[in-house]
Amino acid sequence: MHIDLRFFIAELLVLWVPLSIVVLVSELLKFNWLLTGLLLLLVYFLIVMFNRTNRVIYFLFHVQKQSSNQLLESIVFFLVLLISVILSVKLFDDSAVGIIVFMLISILAGSVVIDAK
Numbered sequence: 000m001h002i003d004l005r006f007f008i009a010e011l012l013v014l015w016v017p018l019s020i021v022v023l024v025s026e027l028l029k030f031n032w033l034l035t036g037l038l039l040l041l042v043y044f045l046i047v048m049f050n051r052t053n054r055v056i057y058f059l060f061h062v063q064k065q066s067s068n069q070l071l072e073s074i075v076f077f078l079v080l081l082i083s084v085i086l087s088v089k090l091f092d093d094s095a096v097g098i099i100v101f102m103l104i105s106i107l108a109g110s111v112v113i114d115a116k
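In terms of numbering that gives the first Met the number 0, the sequence shown opens at residue 0 and continues consecutively.
Worth flagging that the hints you see were computed from the coordinates, not collected in a lab. For glycine and all other residues, C-beta sits at the position ideal for the given N, C-alpha and C. Be careful, since some hints might not be right.
[What the hints assert, rightly or not] Pair ranges (Cβ atoms, derived): (1) 40 x 80: 17 to 23 Å; (2) 23 x 48: 21 to 27 Å; (3) 31 x 68: 24 to 30 Å; (4) 17 x 91: 18 to 24 Å; (5) 84 x 16: 31 to 37 Å; (6) 113 x 29: 39 to 45 Å.
Sequences and hints are given; from them, build the entire structure.
Right, dumping it as C-alpha cells:
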C-alpha cells in the first residue's frame, strides 16, 4: 500500500487549494453554512469548466491514479472519510479548519493505492 504522489499533488493543486481559499474567505466574511456551500459548488463548477480551456489545469485534472485493487481502495477511502468526519467534528472548534482538514484527509485517502497480491 502506498500513496500515488503524482495524483495527490494534482488533486491538492486543482481542488484543495481553491476550495480551501473559498472556505477561509467565507469564514472571514462571516457567511452562513448555506452560502458557503453554494460558493463551494460554484467554485467547483468553475474549476471543472476552466479545465476545458486551460492546458495546465486540464493536465492536472486528468491525472489518473494507478489503481490495482479498486474495491479495497474504495472501502479504505470510505472508512478513512468516516473517521475524518468524526475527528473533524470532535477536534476542531472552528468549522473552517475542520472542513479544510477533512478535504485534505479525503484527498490523501483517495490517493492510496493498494498493490495487487
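Structure-based check of all given hints:
A beta carbon spacing of about 19 Å between residue 40 and residue 80 agrees with the range 17 to 23 Å that was offered as a hint. Taking 21 to 27 Å as the suggested C-beta distance range, the pair residue 23 and residue 48 conforms, at roughly 22 Å. For the pair residue 31 and residue 68, the beta carbons lie near 41 Å from each other, so the given range of 24 to 30 Å is not met. Between residue 17 and residue 91 the Cβ separation comes to about 21 Å, which falls inside the hinted range of 18 to 24 Å.
Our hint of 31 to 37 Å for residue 84 and residue 16 is violated, since their Cβ atoms are close to 21 Å apart. Look at residue 113 against residue 29: about 42 Å separates their beta carbons, and that is inside 39 to 45 Å.
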